[in-house]
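Engineer: Residue strings, one per chain:
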Amino acid sequence: MGKYLLRRLLQLVVVSFVISVLAFLLVHLLPGDPTTTILGPNDTAANRAILMKQLGLDLPLWQQYLTWLGAIFQGNFGNSYLNHQSVTHILATGAPVDFELILISQTIAFSVAVPLALVTSRKPNRPLDNVSTTSTFGLLALPPFVVAPILVAVFAVGLGWFPATGYTPFTQSPATNIHQMILPSVAITAGSIAVYYRLLRSDLISTLQQDFITMARSKGLSSRRIMWRHAFRPSSFSLLAAAGINIGALIAGTFVVELLFAMPGIGYALVQAVEQRDYLVVQGIALVVAIAYVIIQFIIDFIFTIVDPRVVRE
Amino acid sequence: MPDDRELLDTGSSAKLLGDRFPGMAATDEQVVALQSETLDSDDVLSKKPFGFLFWFAITWVGLVFLAAIFANLLPLQSPNFQNYSALNQGPSSAHLLGTDDLGRDLLARLIFGSRVSLIVGFCGVAIGLVVGGTAGLISGYKGGRLDVALNAGSFIILAFPAIVAVIAIVTFWGQSLFHITIILGIATIPLMFRVIRASSLSFAQRDFVIAAKTMGATDTRIVLREILPNVIPVTVTFSLITVAGIIVIEGTLAFLGLSVNLPTPSWGNLINEGTANNALSTNPYIMMWPAMSMFLLLWSINLIGDRLRQRFDIREGLL
Amino acid sequence: MARRTKKTLEFKDVGTGSGPLLVVDDLHTAFRTGRGTVRAVDGVSFEVEEGKTLGIVGESGSGKTVLSRSIMGLLPPRDVVRSGTVHFGGHELTAMDESQLREVWGAELSMIFQDPMTALNPVKRIGVQIAESLALHMGMDKKESRSTAVELLRSVGIPSPEERVRWYPFQLSGGMRQRVMIAIALACAPRLVLADEPTTGLDVTVQAQILDLLADLQRERHMAVILVTHDLGVVATRADDIIVMYAGKIVERAPTRTLFNDTKMPYTRALMDSIPRLSDPSGARLDAIAGRPPDLVNPPTGCRFAPRCQYAQDKCRQSEPPLRTVGSPDHLFACWYPLVDGVSTAPAVAVTVGPTNNPTAGSPSAAAPSTGENDG
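Going down the list, the protein sequences come from chains A, B and C. At position 270 of the first sequence the residue is numbered 270 (this note's numbering), and the sequence of numbers has no breaks. So the number in this note's numbering is just where the residue sits in the second sequence, counting from 1, plus 314. So the number in this note's numbering is just where the residue sits in the third sequence, counting from 1, plus 633.
Here chain A stands alone, though its shape is the one from the complex:
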């Protein structure tokens, strides 16, 4: 197992490096010029040239890249050109918001999808199964930017159960924090429920046809035990893989709800930085988000070795 994980870790390092190049190029190859951002469009060419030199933008690309990367290894992602906040600071304040949003939404998604799939897969193509399978298509068709305004209109404006906007750090007031987190988390949950439910259901249905399930029945085990202890684990491989991809996509995808609910997350900071052409911030966040995604994949790979002992051998 150690060897397997070591190999995956090595892959992780290589992929991270390539991603850092991509993040760097993404910003540097695009048209536009940071000096315009800083000095405004009407300054003289001479002033621009001076600024370019100060920022090191007159150097060849590879040198700029190495300087940037070298600084990152010392924990310095650079500062925003506009408000001179350090990118590290933006990430440190934003990350907990995204982490919490994803944690809550994924907890909801799993606690809805898993029991539902365990129930419906036992009697496929029966009314309950048909209803839940068809309605999950409905969930797939509910992107956050449609759900969130409706949730706000109904539960915040209409019923007044939850606040419409705002964010309080968990460390400051856990109760307020959770209260504020519920609507935005639910808004990004719909798609996850649908994907997890459908994958688990179809894998469970095929697992339940396996000989080892009949074998488990012939031992006299209860249906409950068979479903949880025998069928669930071997049916959870696609679920796990999908969860990895999905959580990765959510890191960057939370910005819609962050925008709507005025929460200072990373996604929100990123969209703002892009709009203001705050190059170093975009570059830094893109890199961190991409590497977080790769690390999640690595964690999923690790969980795979526990869930399916066979992967290590292959």
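No lab work stands behind these hints, which were simulated from the structure alone.
Some residues of chain A that are not near chain C, with every Cβ distance over 12 Å (derived):
id	residue
1	Leu59
2	Tyr65
3	Gly166
4	Ala175
Below, computed lysine-lysine pairings styled on DSBU-like, alpha-carbon distance capped at 30 Å:
id	chain 1	residue 1	chain 2	residue 2
5	B	Lys456	B	Lys527
6	C	Lys757	C	Lys776
7	A	Lys123	C	Lys757
8	C	Lys775	C	Lys757
9	C	Lys757	A	Lys3
Simulated coverage check for chain A against chain C, where a stretch passes if three residues somewhere in it have a Cβ under 8 Å from a Cβ of chain C:
id	region
10	204–218
11	230–243
12	299–310
Note that the Cβ used here is the ideal one computed from N, Cα and C, for glycine as well.
Fit chains B and C to the supplied structure of chain A, relying on the hints for placement.
Structural biologist: Coordinates of chains B and C only, in the frame set by chain A:
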């Protein structure tokens, strides 16, 4: 393409049985007992009707398409014509779906707005399909160094958060329908590549391909005549799911004001208009129509994709 | 081996002790499919005594696997029609609901599956898979069931069981996996084990080892075994009685020695001829049975074997032969023109089979009274 269904699914009789007897492993006894069923009727897969919902979904997608194509011929006022004597009206005979806060006809805006979703969704996937699909088909069949390189490359690109790149590129490059379609199309290339490569790879090692090789068929011929027809079911199904995905991303961009420039309507920016500045309480119709239309369109596309997947007998986890 | 007493069955007792261990009476099992009803088991009756071995033999598609599952009650919940009765130790299994059956399954009545690769859970350690029945039926705690699992692995001949108990199925060879399956099936000392093609996927040498192991354990524990197989050779030396099935019905049933010495049914004969023998000259062809078992949705009228039988007469194609006896009361067969000394009694047939070469004129025994037990 003779019997590709049979080739596609080696364990078809066992699978059919499994569907019929959940909770029981298909034993050879039952397989034999029911084999005649699968052998006698080749159309056993097509026997299962698609059902009402499927045809409803097809009808809705067709309707949206027709309306979008013939929008100019329909008796609609211009989507950007502002009628200040009819602000925030509910549905009426003059404005079937009502008007917005600037007195613009909501039906006209809805129909013209659908063009953006449809063009971005279907053209974007077409780009991904042509580039990513072709590469995947060849890469999966040929294997070797090219395959290893492309596969690793696609993995790395997929690790990069596409939405970040898309937002950045759109912002820097300029927002236009053409740019958005191209960018989202490019973003689907690695996805298409991976799915089609996996499918192509699985067929490249089948006996009928090896047989064709030993008979001296050229690679081009094998890819076009033997592999392509077998890869089509997975491709169609996955493409439909991707169309739905791209429509969502375009909607998100439009919602953020990063898609086509205003005042060109798109469903995403209509929803945004309908939710901004407390519009939801003053005139819920502005948001309701595009939100419902989008919901139905995404639901329909996903449902059609899934029914086709069932018919083609593709495992859900594969996509 | 630290053996605990089994938990007592909680459902109401219907009298125990007397009579055979297993009584199957007129058992029918059919599957509803899109194309019609598949009658996989069609009126089967037999008995198994305590400690005895019954072999059930038939080709693929003869319904023997469905029969074994049907006896257990291990059938899918839907689209199955079962009628007839199964009594086990005096309890009527066919009248029990699943929660009652679960008390019997694994504890009194257990099953060995054909393919140990697919019948063992791939992601659970073998020790856990053995221990869970022990915890369930014997009320053992974790530690106790663990040590008993090690003992069981040792008793089925797995070397260094203390270590192997933590292994996963994929780490074991096919033969070892089948030993693990046997250990699971025997964990709670059941009175009857249904072994469904227990050796089909294994090498010939391993096959014999597994069957010998099963026979040893059976003697040790005084269990009854039903050995379901397509291979007459497997049951020839190991079964007390043999049932030959064809297309969902019993076509011949006799004590093993009688079956081999005095084969009545041409189908049984054909099965025997398909066993390779050491005494055959090398290069001798085996007689395979031409054709395939019939479609169980629309079985042929008359004798179901008639379309493939070389002696078939009009009568065979028109009316179905009952299961009956001639002479010895424990030798049942369903044939209008049974073989006598390996020669058919069908009229107008002078074809010889087997070693005998004196064609006898057919004296049709069609008029013999029907004593079959599954008429109607």
